Structures are given as C-alpha cells and as structure tokens.
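Trainee: The chain contents come next:
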Amino acid sequence: MRVLFRIFALIGAVVMITACSTNSAARDDDPLRGLNKGVFAFNKVADKVVLVPVARGYRAVVPKPGRDGVRNVLDNLRSPVIFGNDLLQGKFGRAGKTLARFGINSTVGLAGLIDVAKRNGIEKHNEDMGQTLAQYGVGTGPYLVLPFLGPSNLRDTAGLVMDFGLDPLTYVRFEGRRAVLVGRSGIDGLSLREVNLETIESFRESSIDEYASLKSAYEQLRVAAISDGQVDVDDLPDFDEFED
Amino acid sequence: MRILKTMTVALFASYFLTGIAHAATMEEEFVQTRANEALAILADDRLGQTEKAARFRTFVDEATDVPRIARFVLGKYARGADPQKISTFTEVFRNYASGVYEAQLGSYAGEMIKVTGSKIRKPGDAVVLSTISGGQLDDPLAVNWRVRTRDGKITVLDVQVFGIWLALQQRNEITSVLASNGGDIDAASALLRAKTAKGDYASNE
Numbered sequence: 002m003r004v005l006f007r008i009f010a011l012i013g014a015v016v017m018i019t020a021c022s023t024n025s026a027a028r029d030d031d032p033l034r035g036l037n038k039g040v041f042a043f044n045k046v047a048d049k050v051v052l053v054p055v056a057r058g059y060r061a062v063v064p065k066p067g068r069d070g071v072r073n074v075l076d077n078l079r080s081p082v083i084f085g086n087d088l089l090q091g092k093f094g095r096a097g098k099t100l101a102r103f104g105i106n107s108t109v110g111l112a113g114l115i116d117v118a119k120r121n122g123i124e125k126h127n128e129d130m131g132q133t134l135a136q137y138g139v140g141t142g143p144y145l146v147l148p149f150l151g152p153s154n155l156r157d158t159a160g161l162v163m164d165f166g167l168d169p170l171t172y173v174r175f176e177g178r179r180a181v182l183v184g185r186s187g188i189d190g191l192s193l194r195e196v197n198l199e200t201i202e203s204f205r206e207s208s209i210d211e212y213a214s215l216k217s218a219y220e221q222l223r224v225a226a227i228s229d230g231q232v233d234v235d236d237l238p239d240f241d242e243f244e245d
Numbered sequence: 211m212r213i214l215k216t217m218t219v220a221l222f223a224s225y226f227l228t229g230i231a232h233a234a235t236m237e238e239e240f241v242q243t244r245a246n247e248a249l250a251i252l253a254d255d256r257l258g259q260t261e262k263a264a265r266f267r268t269f270v271d272e273a274t275d276v277p278r279i280a281r282f283v284l285g286k287y288a289r290g291a292d293p294q295k296i297s298t299f300t301e302v303f304r305n306y307a308s309g310v311y312e313a314q315l316g317s318y319a320g321e322m323i324k325v326t327g328s329k330i331r332k333p334g335d336a337v338v339l340s341t342i343s344g345g346q347l348d349d350p351l352a353v354n355w356r357v358r359t360r361d362g363k364i365t366v367l368d369v370q371v372f373g374i375w376l377a378l379q380q381r382n383e384i385t386s387v388l389a390s391n392g393g394d395i396d397a398a399s400a401l402l403r404a405k406t407a408k409g410d411y412a413s414n415e
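Chains as they are written, first to last, in this note's numbering: chain S, 2 to 245; chain Z, 211 to 415.
Do not rely on the hints blindly, as some may be mistaken.
[Unchecked claim] Output of the computed footprint for chain Z on chain S, the stretches with three or more beta carbons under 8 Å from beta carbons of chain Z:
1) 204-216
2) 229-238
[Claimed, not checked] Taking lysine-lysine pairs in the DSS-like style, the calculated list, with each CA pair at most 25 Å apart, reads:
3) Lys332/Z - Lys363/Z
4) Lys408/Z - Lys49/S
5) Lys65/S - Lys119/S
6) Lys125/S - Lys92/S
7) Lys45/S - Lys405/Z
8) Lys119/S - Lys98/S
9) Lys45/S - Lys408/Z
10) Lys286/Z - Lys38/S
11) Lys329/Z - Lys408/Z
12) Lys405/Z - Lys286/Z
13) Lys405/Z - Lys262/Z
14) Lys92/S - Lys329/Z
15) Lys363/Z - Lys329/Z
16) Lys324/Z - Lys119/S
17) Lys262/Z - Lys408/Z
18) Lys408/Z - Lys295/Z
19) Lys38/S - Lys324/Z
20) Lys262/Z - Lys324/Z
21) Lys65/S - Lys125/S
22) Lys92/S - Lys65/S
23) Lys65/S - Lys49/S
24) Lys286/Z - Lys332/Z
25) Lys49/S - Lys405/Z
26) Lys363/Z - Lys324/Z
27) Lys119/S - Lys92/S
28) Lys125/S - Lys324/Z
[As the list claims (entries may be wrong)] Chain S residues, not near chain Z, derived (Cβ > 12 Å throughout):
29) Ser107
30) Ile115
31) Val117
No wet-lab data here; the hints were simulated from the structure. Note that the structure is predicted; figures quoted are calculated from it, not measured. Quick reminder that beta carbons are idealized off the backbone N, C-alpha and C, glycines included.
Construct all of the structure, not just a fragment, from the sequences and the given hints.
Mentor: If you want it as structure tokens, here you go:
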C-alpha cells in the first residue's frame, strides 16, 4: 500500500513540475502532452512485452468459465467501493442494487464466482470516486497517462487513491495482507487485459492517431460513465461550428 | 382505403398539432426504418461480399451527410481552407470510413435494433436513442444517432456506441494530426489514404 502511495506521490510531483515548466509540445487541452506521450510510449512497450503475452497465456491455460469466475469474484470484491460511491452520489436505488448484488453473489454465488444477481435481473454497474468528484462539480484537471494504468486525469487519479479508503481490505489487518492486495490488483489487471485483447487490438488498428484516439475515447467514456449512459444533448458540439 | 385516408389525415393533424415533438418522432421513424434496411442488407445471404459492400456503401451515402461529417472532422482547420483540399479530404475520408465498416460486414449475426426515444438538441438537431440486442450480444447495447433535418431531409451525422461518438472521435484524432502538421489538410488526407490502403479495403478514388 505504501509503495502505491509513493508511486502516486512521485507521479504527482512529476506532474506538478512538468505543469510548471514550459512545454513546446503542450496544447490547450493537454498541457502535459510531452510527459503523457512519454508514459504512453512506455505503456505500449510494457503492454506488448509483458501484458499481452501474459494475458494470452492466461487465456490459453484457463478455460472461459474459469476466467469468467475470476472476473466475477474481482467485480464482487469491488462492490463496497461501488456501494460507497453510489451513496456519496445520492443514488440510493443503485446503492440498494449494489448491496443486493454483493449479498446474493457472496452467498448463493459462491463468494462471487457466479453472478447469480445478474441472472435474476440485478444488473452490474460501476461507480468510482472520480465519478463522485465529478458529481460534486470537481473539474477533470489536466489529462494524465499513468504508468501501466493508462489514460486518466488529475481528478480521476485522485479518485483512484481515494477509492482505497472505501475498500474494506484497506482496514483489515492479517498476515500476508500486502501480498493479497498486490495479487488482487495484478490479477484484476490481467483479467481486464484478457477480456479486452481483441477490443484493444481492433482499436489500435482503426486508430489514425493512437495517442489522440485513446485520449478522446477515455474522455468520452468518462462523460458517459458520469451521466450513467444518459445523453446530455447540450454537451454535444455543433456540427456547423466551423462553417465558413 | 378509408383506413389509409384516416391514417394520412391523422399523420398530418399530429404533425401540425405537436410541432417539435412530432419532428422527433419523424426522426425516430427514420432511424428505425433506415436501421432495418441496413440489417436487411447485412442479413441477405444471396448477396456476395462485394455486392453487399457496394449496396451498403450506397445505403450509407444516402442515409448520412458525408461532406458535412468530413468538414466537422476537420474542426477549426476547415474554416477558410482551400475548397479543393476539403473536397479531396472528403473523398479520402469517405473511403476510409467505408473500409472500416465494410471490414465488419461479415460479423453480423442476427442482431436487432429498437428505437426507444429521442432528445431534441435544437430544431433540426436531435439524438435518437436505440438499443441493439440478440445475435452475438450478451446484453442489449445502447446505440444513439445524431440526426439532422434540413428542408424535410433527415440525415445521420454521428453515432454513439459504447459511450463514444464516432465522428467526434474522428475529429479528435484528425485535428491532432493536423495540429502536428501545421494544419495541412493534405497531410491528413495522405495519412487516411495510407491507412485505407494498408487495410486493403479501399475503393478507387
């Protein structure tokens, strides 16, 4: 845990220093572009050399029902964080659904292995502290690309750290706790990478400018997540904006 | 015959009585009808891959406003630009976009579309909401359509899938390319042309 905080503190320091310096490659909507492109290039190499081969190996060794079970367990373990954010956003109906899902899947679903709640019409949804901060009117801050974690922004990065405060595992003391926390994060990343192998490959193939494409997709996806998928027509750009 | 006449009268009456609300309904009908036509092309097993692609391309040309989308994609760089350069970019963009969706034509597996409502941004500018389900989809997928109505003609300008507006996504990529190339539209055209050729799905310009 301490290591994670150190990493984020280091990233924060680098971000602040870079933000204060003059960056010739910076643009209005991406003031840390120079730094971000460096981390983006690093992530691409790490993805190609480490994550993709491991994710393919995971897919080859573990059959789909097993991988689905792992994904379900990890999603179930995240329920307290989602529940806390549901409550902080005043979405009590969704909080009730999260609680019901956690109760049902942790018991009847064999510690989260089987998503019994979904089979009974209680659909999964996601919330995080970045979305909660947005609901309270906190702006995104500059766009950031985090090592290994990928696209983010200052608000969502702060939210990522704050979400640890809503995770019960942060407060439970037991031998080997650190190994469990690191192991869970590692398996979570591996599982997500495996699920998205084809999607990310297709995304890269169809991208014209991969850095800009990832930034745009992240920003749009976050807007959609914050509004729970509801379209806000007033936020859409005008198609006649740049007519002569 | 009397039923037809009654329906026509009712349609005209509701058009004049409900104003903008009715305009949205027309746009919803447009999306549902056009989407069904598209699915019919995709599902037609009698068509070969080349013929299917050709018919789909004609369909997309009719249902969308490619020149306007291409201009939108160029963002601020379109303002005051050489019309010839914009025209070239439009054709290259048309081929690139066609190549992207034509590469996916074979993956259709019986999905169905259902329009669920619409939101009006301003007169003549609306978002039609829909869900796609069935086929290879485990869960219904929300797909939203930005449609524009001018002089009674409705066209699709943008589509939102998985929370991402595709034309907006293209604009963010293309304007990034343009920013790196001093706003040179020909550079963006060359990049798209190369991308299309690499995908091996280009038609002759």
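Trainee: Next step is simple, just say for each hint if it's right about the structure.
Mentor: Tested hints:
1. 204-216: holds (count 9)
2. 229-238: holds (count 6)
3. Lys332/Z - Lys363/Z: holds, 16 Å
4. Lys408/Z - Lys49/S: The hint holds at about 21 Å.
5. Lys65/S - Lys119/S: holds, 18 Å
6. Lys125/S - Lys92/S: holds, 14 Å
7. Lys45/S - Lys405/Z: The hint holds at about 20 Å.
8. Lys119/S - Lys98/S: holds, 10 Å
9. Lys45/S - Lys408/Z: holds, 21 Å
10. Lys286/Z - Lys38/S: holds, 24 Å
11. Lys329/Z - Lys408/Z: Violated: Lys329/Z and Lys408/Z sit about 39 Å apart, past 25 Å.
12. Lys405/Z - Lys286/Z: The given pair, whose Cα atoms are some 23 Å apart, holds under the 25 Å limit.
13. Lys405/Z - Lys262/Z: holds, 22 Å
14. Lys92/S - Lys329/Z: holds, 23 Å
15. Lys363/Z - Lys329/Z: holds, 18 Å
16. Lys324/Z - Lys119/S: Holds: Lys324/Z and Lys119/S sit about 22 Å apart, inside 25 Å.
17. Lys262/Z - Lys408/Z: Status holds; Cα separation ~21 Å.
18. Lys408/Z - Lys295/Z: Holds, at roughly 22 Å.
19. Lys38/S - Lys324/Z: Cα-Cα ~41 Å, so violated.
20. Lys262/Z - Lys324/Z: This hinted pair holds, its Cα atoms lying about 23 Å apart.
21. Lys65/S - Lys125/S: Roughly 20 Å separates the two Cα atoms, so the pair holds.
22. Lys92/S - Lys65/S: violated, 34 Å
23. Lys65/S - Lys49/S: holds, 23 Å
24. Lys286/Z - Lys332/Z: It holds: about 22 Å lies between the C-alpha atoms, which stays within 25 Å.
25. Lys49/S - Lys405/Z: With Cα atoms ~22 Å apart, Lys49/S and Lys405/Z stay inside 25 Å; holds.
26. Lys363/Z - Lys324/Z: holds, 22 Å
27. Lys119/S - Lys92/S: Holds, because 19 Å separates the two Cα atoms, which is no more than 25 Å.
28. Lys125/S - Lys324/Z: holds, 22 Å
29. Ser107: holds, 22 Å
30. Ile115: holds, 15 Å
31. Val117: holds, 16 Å
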